[in-house]
Amino acid sequence: MDKAVPNITHGTDSNLRTPDETTDKLFREYYVAWGGQEAITEAEIEQLPEFFHRVPLDHEIMPQKLREDARATLLEKRSHELLENEELQSLWSVLGKFQSPPEIAGVKYISYENFKKAAQEASPKAKMYFTASTYAKLVHPDDKLSRVDILSFFNYVMKKVWMQQTRIGISLYDVTGEGYLREVDLENYILELIPSLCQLSHLERSFQTFYVCTAVRKFFFFLDPMHLGRVRIMDILASGFLDCMLELRESQTTEEQLANNWFSHQSAMRIYGSYLQLDEDRNGMLTRAELSR
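To convert, count from 1 in the sequence shown and add 1283; that's our numbering.
Treat the hints with care, since some could be wrong.
Derived pair list, reagent style DSS-like, types lysine-lysine, alpha-carbon separation capped at 30 Å [stated by the list, open to error]:
#1 Lys1400 - Lys1380
#2 Lys1380 - Lys1399
#3 Lys1408 - Lys1380
#4 Lys1360 - Lys1408
#5 Lys1360 - Lys1391
#6 Lys1380 - Lys1410
#7 Lys1443 - Lys1427
#8 Lys1408 - Lys1391
#9 Lys1400 - Lys1427
#10 Lys1400 - Lys1420
#11 Lys1380 - Lys1442
#12 Lys1420 - Lys1408
#13 Lys1348 - Lys1380
#14 Lys1408 - Lys1443
#15 Lys1442 - Lys1399
#16 Lys1360 - Lys1348
Distance ranges between label pairs, derived from CB positions [unchecked claim]:
#17 Ala1542 - Glu1367: 34 to 42 Å
#18 Lys1380 - Gly1460: 38 to 46 Å
#19 Pro1478 - Tyr1439: 27 to 35 Å
#20 Gln1403 - Glu1351: 34 to 42 Å
#21 Met1517 - Arg1311: 26 to 34 Å
#22 Ala1353 - Glu1539: 40 to 48 Å
#23 Gln1347 - Asn1543: 37 to 45 Å
#24 Lys1443 - Pro1508: 24 to 32 Å
#25 Arg1361 - Lys1400: 27 to 35 Å
#26 Thr1417 - Gly1452: 21 to 29 Å
#27 Gln1403 - Ser1435: 18 to 26 Å
To be clear, the hints were calculated from the coordinates, so they are not data collected in a lab. Don't be surprised by glycine CBs; every beta carbon is placed ideally from N, CA and C.
Using the sequences provided together with the hints, build the complete structure.
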């Protein structure tokens, strides 16, 4: 051990060094003496990969364009990896083929052995859902054979596909590509989502601005408690708010369901009417006194 310790000499300039510089010098000498590598050369430094790429600034047009194209390509690739309707139908057929009797009250189950056989026949895109952990999560607690309800598994796959589709769709509005949406980004997303929501087909164009503002404030009130001016896409998906909004795609919805849905036309009109009643001077603004009534 003593032989490995270098012969450290203190030159006349040792008194000129700071304690930190002396410590660094001693560390390098002991490190090399005990088998460590000499200082890294400039060529080796250039070979090290970058661990951080900052977001391009507004005036950096080419880096911004490159980042946008790269993100669009990635999202397109992720989209092609999702199950199509035909593949979902094929998956349902495969699950029915390998169902494990007996049925209980008309419910069809599948055992783990058949679950693995179904995975082998399923399409390549569907194989990722046939995992032991997924099976363990979905095992029916009342089934003595520890089987999984086929319909529960199929609904699980459909929900995962829907979540991934929604994530890809909403990520297109993530300008910086950092997994967040600013207020203006979420406004653009909801504004372009409105035509696909049949329950909002009667929404007047002049009322769209108020509707979008009302919907966006719901997200930011709950998901941006620190008032950072942005919300995480994962938080949007996990909150369930987007699920409520997308329920407006259903054509067969009762009036009671619409009244209880924050994002419905009826709910927005009710909120709008409440604000109009508080606005006594009809200037389109609420004073502190008006808001406290």
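Range hint compliance [Cβ, Arg1361 to Lys1400, 27 to 35 Å]: Once the Cβ atoms are compared, 29 Å apart, the range 27 to 35 Å for Lys1400 and Arg1361 holds.
Could you check the hint for me, namely that Ala1353 and Glu1539 are 40 to 48 Å apart, CB to CB? 47 Å Cβ-Cβ, so the 40 to 48 Å window holds.
How does the Cβ-Cβ distance of Thr1417 and Gly1452 compare with 21 to 29 Å: does it lie in that range? 24 Å, holds
Does Lys1348 lie within 30 Å of Lys1360 when you go C-alpha to C-alpha? Within the cut-off at roughly 18 Å; holds.
Holds or violated: Lys1408 to Lys1391, with C-alpha atoms at most 30 Å apart: 24 Å, holds
Does Lys1360 pair with Lys1391 here, judged by a C-alpha cut-off of 30 Å? 35 Å, violated
Are the Cα atoms of Lys1400 and Lys1427 separated by 30 Å or less? Answer holds: Lys1400 to Lys1427 is near 21 Å, not above 30 Å.
Given the range 18 to 26 Å, decide if the beta-carbon distance of Gln1403 to Ser1435 lies inside it. 21 Å, holds
Holds or violated: the 27 to 35 Å window for the beta-carbon distance between Pro1478 and Tyr1439? 30 Å, holds
Tell me if the straight-line CA distance from Lys1360 to Lys1408 falls inside 30 Å. 13 Å, holds
Given the hint that Lys1400 pairs with Lys1420, does the C-alpha gap stay at or below 30 Å? Measuring from Cα to Cα gives roughly 19 Å; hence the hint holds.
When you take the CB atoms of Gln1403 and Glu1351, is the distance between them in 34 to 42 Å? 40 Å, holds
In summary, the structure is inconsistent with hints 5, 13, 21 from the numbered list given earlier, while agreeing with the others.
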